[in-house]
Amino acid sequence: MEQAFFLLLSAVAVGAGLLVVIARDPIHSALALVACLVQIAALYVLLGAPFLAVIQIFVYVGAVMVLFLFVIMMLDVRKEAQARFLPKAPLPGLIVLVILAGELIFLLLQSARLHAVMGPGQPVSEQPPVAELSLLLFQEYLLPFEVASVILLVALIGAVVLARSDEADKNAAQRKAPRGAAR
Amino acid sequence: MIPAAWYLILAAVLFVIGAAGVLLRRNVLIVLMSLELMLNSVTINLVAFGHVLQDLRGQIIAIFIIAITAAEVAVALGILVALLRNNHSLEVDELTVMKG
Chain A
1 MEQAFFLLLS
11 AVAVGAGLLV
21 VIARDPIHSA
31 LALVACLVQI
41 AALYVLLGAP
51 FLAVIQIFVY
61 VGAVMVLFLF
71 VIMMLDVRKE
81 AQARFLPKAP
91 LPGLIVLVIL
101 AGELIFLLLQ
111 SARLHAVMGP
121 GQPVSEQPPV
131 AELSLLLFQE
141 YLLPFEVASV
151 ILLVALIGAV
161 VLARSDEADK
171 NAAQRKAPRG
181 AAR
Chain G
1001 MIPAAWYLIL
1011 AAVLFVIGAA
1021 GVLLRRNVLI
1031 VLMSLELMLN
1041 SVTINLVAFG
1051 HVLQDLRGQI
1061 IAIFIIAITA
1071 AEVAVALGIL
1081 VALLRNNHSL
1091 EVDELTVMKG
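From first to last, the protein sequence lines are chains A and G.
Positions 1 to 183 (our numbering) are the ones given, in order, by the first sequence.
Positions 1001 to 1100 (our numbering) are the ones given, in order, by the second sequence.
Just chain A, same shape as in the assembly:
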């Protein structure tokens, strides 16, 4: 039963992933990526990590992909997407891809150390280990947790500074200037 679920979810995930790369319209790509990420969240549930699945849906589908869709709709990039793939000489990229795929297949099939680690798979425990997860996160990994929050803050400030236009600054300056002159 679990295996059937896995096959279904992974088939949809791979199909949606292909659609991300193949689709002509960026909005179709974004929606396909949303579908793919939801399938991956379901796979996390199969792996006994329901908390991570919820985080995945909240952060990726709820925040990141909505941000993507906002940018796509705000900037009117439809005409940019007419040409789909790189026009000239995608040969180096293709060669790199073939080498990458072959290497991954070879490693997955041949590596003895990997096969020593991988058994037939563990059963998923009935009680999800969220309590242990939080203890580990807030005790042993407290410093990385705080550093991650600082990184998020810096990214927030950076995004605001980058996306603010110079004209907005000029308008604000002009609006300030007459008020000072009137006084």
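If you are wondering where the hints come from, they were derived from the structure by calculation, not from laboratory data.
A quick note: this is a predicted structure, and the numbers were derived from the prediction, not measured.
Treat each hint with caution, since some may be false.
What the hints assert, rightly or not - Example chain G residues on the side facing chain A (calculated, C-beta under 10 Å, incomplete): (1) 1050; (2) 1079; (3) 1081.
Every residue, glycine too, gets a C-beta built ideally from N, C-alpha and C.
Fit chain G to the given chain A structure using the hints.
Frame of chain A; chain G shown alone:
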């Protein structure tokens, strides 16, 4: 019970698809989305190994990856908006402002 190798194969397939998007597409938005796909495939690997080894650190690292990805996407989309405002195109080949 699902063999752990299945998860690794799925992650490898998704990683190669994402790499194809990064290397072959010419729209910056699609390249960013393909990067998301590659990051997710790596996260599947981490969680699968954490499940097989019964170690929660895989999930911890996955949570950190998701947080850092959110920050990365915010900055990347900010750069993209700034590029479009300065009348640059969205094509990867033509973004040579930094003479790359």
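Evaluated hints:
no., hint, result
1, 1050, "8 Å, holds"
2, 1079, "6 Å, holds"
3, 1081, "5 Å, holds"
The structure meets every hint from the earlier list without exception.
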